[in-house]
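Trainee: Chain residues, written in single-letter form:
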Amino acid sequence: MSKTDPGNYFEDFRPGQVIDHATPRTVTAGDVALYTALYGPRFALFSSDEFARSCGLPAAPVDPLIAFHTVFGKTVADISLNAVANLGYAEGLFLAPVYPGDTLTAVSEVIGLKENSNRRTGVVHVRTTGVNQRGVAVLSYVRWVMVRKRDPAAAAPEPVVPILAEAVTARDLVVPPGLSFAKYDFALAGAAHAYEDYALGERIDHVDGMAVEEAEAQLATRLWQNTAKVHFNQFERGKEPPGRRLVYGGVVISTAKALSFNGLQNAGLVLAINGGRHVNPFFAGGTVFAWSQVLDKADLGPCGALRLRLVATQDRVCDDFPDHEDGTYPPAVILDLDYWAAVPKRG
Amino acid sequence: MSKTDPGNYFEDFRPGQVIDHATPRTVTAGDVALYTALYGPRFALFSSDEFARSCGLPAAPVDPLIAFHTVFGKTVADISLNAVANLGYAEGLFLAPVYPGDTLTAVSEVIGLKENSNRRTGVVHVRTTGVNQRGVAVLSYVRWVMVRKRDPAAAAPEPVVPILAEAVTARDLVVPPGLSFAKYDFALAGAAHAYEDYALGERIDHVDGMAVEEAEAQLATRLWQNTAKVHFNQFERGKEPPGRRLVYGGVVISTAKALSFNGLQNAGLVLAINGGRHVNPFFAGGTVFAWSQVLDKADLGPCGALRLRLVATQDRVCDDFPDHEDGTYPPAVILDLDYWAAVPKRG
Amino acid sequence: MSKTDPGNYFEDFRPGQVIDHATPRTVTAGDVALYTALYGPRFALFSSDEFARSCGLPAAPVDPLIAFHTVFGKTVADISLNAVANLGYAEGLFLAPVYPGDTLTAVSEVIGLKENSNRRTGVVHVRTTGVNQRGVAVLSYVRWVMVRKRDPAAAAPEPVVPILAEAVTARDLVVPPGLSFAKYDFALAGAAHAYEDYALGERIDHVDGMAVEEAEAQLATRLWQNTAKVHFNQFERGKEPPGRRLVYGGVVISTAKALSFNGLQNAGLVLAINGGRHVNPFFAGGTVFAWSQVLDKADLGPCGALRLRLVATQDRVCDDFPDHEDGTYPPAVILDLDYWAAVPKRG
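Chains as they are written, first to last, in my numbering: chain W, 1 to 347; chain C, 1 to 347; chain R, 1 to 347.
Read the hints as simulated data drawn from the structure, not as lab findings.
Among the hints, erroneous ones may be present.
Because identical chains share one entry, a pair is satisfied inside a single copy or across any pair of copies.
[Said to hold, decoys possible] Below, computed lysine to aspartate or glutamate pairings styled on EDC-like, alpha-carbon distance capped at 16 Å: (1) K345 x E196; (2) K297 x D172; (3) K297 x D197.
A quick note: this is a predicted structure, and the numbers were derived from the prediction, not measured.
So that you can see chain W by itself, here it is in the shape it has in the complex (with noise of 0.2 Å):
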């Protein structure tokens, strides 16, 4: 039998199943200046250890994308190694902050499977969580992918679809332990703007654009141990159209975020990812815009909580805030990507 791994194909879940996924991966400062460097994000709660222990923390956390992406590569290998397409996130929460040098593990259960009707096809979907070296859960998200069938004509079990919250509710975001802005300094942070300060339906123009190179695509994802070859194999890409390396969908999301901090200074600590797609696929030459509205509010006490859309574009400005109608959206936009941060309030 072949040592090399082919990945699971569509016909190798099965509802309830559980798995461990390789590589355990310790986060360090290294991590840390790889991510600046790749994507320039300003928000002063990741970047310096002083800021942070002044809103109560021991020392600058990692970006919980950070975080997101180390878990997600680790699923790659076992879950969409055989992927036609990432179709969605929903329901993912940030349990507990990671520092440099925590370990992080990854387990997924198989909560959802059904078979396309070209039955060439199905639609899997997982919970994953990622686990530190405490064995505690620091972040859990549900993604769901359309993998191939090793043999079209393979039975199909039982159709199951999970029914998801449209949104993660306020009350189930979880502030990091000892987390205090009752000392927020926002002239450090680069910004005035307060929790109160956002109204419900607001839209950002985030105005800059970051162009991304192949290089950097590929660094970004390696990075997080993501071996996808569509990320990689230029070879094998080069084939047939649109003959390139597709851009790894955390690459837009990173970009797209740390784009936000013009406008969104002090709402750099994401709580929860709601939902998101990668509407069309990104290629590396393009320019990423970005805008966001904010859907929701609430307030968590310790501080408050924006509920945030944040929209990518590829060599498109963003300025009038390019949209979906009826659910179509323009080739230009790229992500839309829903998600809880905390914000300081003005107190």
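Keeping the supplied structure of chain W fixed, place chains C and R upon it in accordance with the hints.
Mentor: Relative to the frame of chain W, chains C and R by itself:
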């Protein structure tokens, strides 16, 4: 009112104004590794904790240019977001070494303001100071930029043009406390050249050439949270000649400095930046070459100091020391930097 | 006399000569993060401090190839600055694990010298040893290079050609002190394959392909302070065919090694390099594929060891195991490496 930061225009500055810049930044071993990967510096003092200890320091400090880039990056959003040109540097002094784990903030004081005769722009001088987590100033420098006016018709303040020293005087140079080159291992550092071996006026061709890729330039700029749009927004830059992102001037400085190892192996510790001009724009794809000239020498007691001129070119070797004539530089010259560096005495 | 280092020519070497190389280098978690971003390795032992502890080590050591690249990089300025070709490696032994925080220096002894019949070049053999801050040798290897003579007419020394072992014998392999695979978590490591599962002669196609960009190749080379001009000076390289920078051979080794995870998930710990040849030059833009063959097996007590051949190709899949015939390699083959790796026994 928009939450997006439009940056300051010429009329937003006033003499004596003090600006506390976002975002505080903890410098780490990850930054040092990236700096090494981006430029390939080989100066022993910053490369080896053991070597630094043999020179009386507690560990390897970061290259002073890392401190410079970190502090410079913080000023961009406030000072040069609407700049037409970065005109020059002066009176740069490195006041204390920076070690991994230190957190830097930056503050600038407006020390010069002068509207240009076209009334569309003006020149702003700022003195910027970088401060560590103990409140100790680690570096200070003046730079001046040409900034757009929001409204050409707006009234301009009385012109203020600071008188700047042509160079930092040797007696103002600050040798890091404890630094001793008494046990300096010249062989391990890469060359036997000591303070006594450098002659006034001596010119050194650094021979090697280093290509700079677009991805490298972007990584090197974002690492310091410098998000000036000219370096990243290819979509906008592509609309008019030269159709390219401009490489951050700091990339040229650090590339040339790393090249200068070949001939200045023991002069890595920059103590002051007397002046500097980005003589011509540099674009990715070019290969950087460099040569140096010894402008002055000073015996500082625990070490010597060389005042050096570092001239960098693109796609042109430096074996004939390309230079300006009557103040006009050949198009291949991209940098003319004047600095002081510490160098061991033979003793 | 010029301060620029011209590097050594053939006539500068003499038998028994010992060369202490600059620049000492402290290896950090930043280097590990960059190594992960550059190659995407997933071997658990180097990825997770917790996993390494479960294997009896105090923390995750760095991938032995990081130690190799670090030490190799130091030798370039003295040994191969004027080299025409890097001809081969032999008798490479990893003697002690390297951890973040360790500082490495390198020393080489000239063990072979033989002028070529054209009198313009000669072959130099050196045995290089990497040493940590406690004076402990961490690795040792022989490499030989073809070096230019400064003056073809110069007299050549008596030829000395060392007799090199065809492979390191299993009894000379050094298992890191304390290493125990008794509690090895095969699932967390990514595969169940143990020492007992590998058969002599078995061949494994590693399936995945990895493109290498110019920026990645430069970052990966500078990270180890290897500043050989063929990898960086595009201006000079562009003047004659192939008009390209040559990718550092170590990039090919590390890329192929990372690809080998798919099939050799538990054989990440390289113990020895028996031999290696960069069979054809590799240029950025190509996609690397790889296959392996089991050449030998040895039971070392606390673990097993596999002697493996790692063959890498560019822009050619390896499902038919492309190989030399009568010593002639197809043009797509770029690397043929022979090494020993530790692997857990099922016990």
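Trainee: Are the CA atoms of K297 and D172 at most 16 Å apart within a copy, between copies, both, or neither?
Mentor: Close inside one copy (14 Å), not across copies (54 Å); limit 16 Å.
Trainee: Have a look at K297 and D197 and pick one of within, between, both or neither, based on CA distance no larger than 16 Å.
Mentor: within (11 Å within a copy, 57 Å between copies)
Trainee: Using 16 Å as the alpha-carbon threshold, which applies to K345 and E196: within, between, both, or neither?
Mentor: Close inside one copy (6 Å), not across copies (61 Å); limit 16 Å.
No hint from the list above goes unmet by this structure.
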